[in-house]
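Novice: Throw the hints in and build the complete structure from the sequences for me.
In terms of this note's numbering, the sequence shown opens at residue 1 and continues consecutively.
Hints are computed from structural coordinates only; laboratory data are not their basis.
There may be inaccurate statements among the hints.
Only pairs whose alpha carbons sit at most 30 Å apart, straight line, appear in this in silico BS3-like list of lysine-lysine [stated by the list, open to error]: (1) Lys-239 x Lys-226; (2) Lys-321 x Lys-296; (3) Lys-239 x Lys-221; (4) Lys-130 x Lys-47; (5) Lys-221 x Lys-290; (6) Lys-138 x Lys-113; (7) Lys-153 x Lys-5; (8) Lys-5 x Lys-32; (9) Lys-312 x Lys-226; (10) Lys-122 x Lys-137; (11) Lys-115 x Lys-17; (12) Lys-47 x Lys-32.
Pair by pair, the computed Cβ-Cβ distance ranges are [said to hold, decoys possible]: (13) Lys-138 x Asn-12: 22 to 30 Å; (14) Pro-238 x Asn-15: 48 to 56 Å; (15) Val-244 x Glu-3: 31 to 39 Å; (16) Asn-237 x Lys-312: 39 to 47 Å; (17) Ser-128 x Val-2: 13 to 21 Å; (18) Lys-156 x Pro-238: 32 to 40 Å; (19) Ser-128 x Tyr-36: 19 to 27 Å; (20) Ser-128 x Ile-224: 52 to 60 Å; (21) Lys-153 x Glu-63: 37 to 45 Å; (22) Asp-141 x Tyr-55: 27 to 35 Å; (23) Asp-141 x Thr-43: 25 to 33 Å; (24) Tyr-36 x Gly-262: 42 to 50 Å; (25) Thr-149 x Ser-319: 37 to 45 Å.
Beta carbons are placed, not taken as given, at the ideal position from N, Cα and C, and that holds for glycine.
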Amino acid sequence: MVEVKQLVADINQGNIKPIYFLMGEEAYYIDKISEYIEDNILTEDEKGFNQTVVYGRDVSIDEIIGQAKQFPMMAEKTVVIVKEAQDLSRTIENLVSYVEKPLESTVLVICYKYKTLDKRKKLIKAISQKGVVFESKKLYDNQVGDWITGVLKGKKYHIEPKATQMLVEFLGTDLSKISNELDKLMLILPKETIITAKHIEDNIGISKDYNVFELRKAIGKKEILKCNQIINYFAENPKSNPLVMTISLINSYFTQLLMYHGLKDKSKASVARALRVNPYFVDDYVVAAKNYPMRKVSQIISFLREADVKSKGVGANMSDKDLLKELLFKILH
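Specialist: Structural data, given as structure tokens:
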């Protein structure tokens, strides 16, 4: 986030580089930076003759260089944006000849998504000297909640920890998907709203009572009736609650519980740091640790590994509902 803000600030101050190579597994920031350049370097009147957007699958490196070498018409800059440039991976190194002597009046933006180039490559070294190499890295699961909070805070919204957890568990680490859902919420909710689990349920369609977060909590408390209610809901809505993902998230919960048992300092702040969770959720782990001693947790993790293999069709001929019921029986007893 800091690097993105600095890059945008430099552009606003007129410190515009001739080449921006945007690469990495997280497409969200690549899209945001390229969109910002597309929208802000040229005026609407200048864009007609001086801004070109092409896609990697449709052009060659030679054609891109040809576009980049054109001088602007009635403007200070020419902007050339190459989207989906990863489709040019076999020939991308051929850009070196242009990068070493770029046209200063051109802003060439290369959007190289879902992968990276070795920074020891001649192309990356050349771009680093003349322009900007930006690597957009995937966030870890435990970082996405803070990202959501930060994005909303910047737009004068707030969010409850449970609502954040619901978004992360339902949408994963795909920042573009999460951003789209946040945009929907911000369209209908006034600024300074504290976004709750109810808002998420009403406007995004994630059940606040029947989701993996609530299932893990019910397992931790050994609430057998609630566990069965949730897995019955999952069975009726399999697309929203795939078994493989459910098992994975339960596994991460018990892995954290195993870590909790190994902590010497079990103060709320220390547990939150070690488990990388919001302090709001620490009490749930305290309760679960009383219900599941370390030996039982180790046994449960082995049950989860076995269930994961079965969920992928190995050594079992059971429905997803029956597999989940079997797993929960082993966990709860």
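Novice: Give a verdict on every hint.
Specialist: Now for the hints, and whether the structure bears them out:
A threshold of 30 Å between alpha carbons decides the hint, and for Lys-239 with Lys-226 the separation of about 21 Å falls inside it, so the pair holds. Only pairs whose Cα atoms come within 30 Å are accepted, and Lys-321 paired with Lys-296 is accepted, the gap being roughly 23 Å. Taken as a hint, the Lys-239 and Lys-221 pair is honoured in the structure, with Cα atoms around 27 Å apart against an allowance of 30 Å. For the given pair, Lys-130 sits about 24 Å from Lys-47 by alpha-carbon distance, which is consistent with the 30 Å threshold.
Of the pairs offered as hints, the one joining Lys-221 and Lys-290 holds, with about 9 Å between alpha carbons and a cut-off of 30 Å not exceeded. Pair hint Lys-138 plus Lys-113 holds up; C-alpha atoms about 11 Å apart against a cutoff of 30 Å. Among the hinted pairs, Lys-153 with Lys-5 is consistent with the structure: their alpha-carbon atoms are about 15 Å apart, no more than 30 Å. Between Lys-5 and Lys-32, the direct Cα distance comes to roughly 11 Å. Compliance with the 30 Å bound is thereby established for this hinted pair.
For a cut-off of 30 Å, the pair hint linking Lys-312 to Lys-226 stands: about 26 Å separates their Cα positions. Pair hint Lys-122 plus Lys-137 holds up; C-alpha atoms about 22 Å apart against a cutoff of 30 Å. Distance restraint check for Lys-115 and Lys-17: the Cα-Cα separation of roughly 23 Å lies within the 30 Å cut-off, and the hinted pair is therefore satisfied. Between Lys-47 and Lys-32 the CA atoms are separated by roughly 19 Å; this keeps the pair inside 30 Å, and the hint holds.
Roughly 27 Å separates the CB atoms of Lys-138 and Asn-12, a value that falls within the hinted 22 to 30 Å. Remark: the range hint 48 to 56 Å for Pro-238 to Asn-15 is upheld by a beta-carbon distance near 52 Å. Distance hint check: the CB atoms of Val-244 and Glu-3 are about 34 Å apart, consistent with the given range 31 to 39 Å. Checked against the given bound of 39 to 47 Å, the beta carbons of Asn-237 and Lys-312, roughly 21 Å apart, lie outside it.
About 19 Å separates the C-beta atoms of Ser-128 and Val-2, a value consistent with the hinted range of 13 to 21 Å. At roughly 38 Å, the beta carbons of Lys-156 and Pro-238 sit within the given window of 32 to 40 Å. Checked against the hint of 19 to 27 Å, the pair Ser-128 and Tyr-36 passes, with Cβ atoms roughly 21 Å apart. In this structure the hint that Ser-128 and Ile-224 lie 52 to 60 Å apart at CB holds, the actual value being about 59 Å.
The hinted window of 37 to 45 Å between Lys-153 and Glu-63 holds, with their beta carbons roughly 43 Å apart. At about 32 Å, the beta-carbon gap between Asp-141 and Tyr-55 stays in the expected band of 27 to 35 Å. Distance hint check: the CB atoms of Asp-141 and Thr-43 are about 42 Å apart, inconsistent with the given range 25 to 33 Å. Between Tyr-36 and Gly-262 the beta carbon distance is about 45 Å. The supplied range of 42 to 50 Å therefore holds.
As the Cβ distance of Thr-149 to Ser-319 is approximately 38 Å, the hint placing it in 37 to 45 Å holds.
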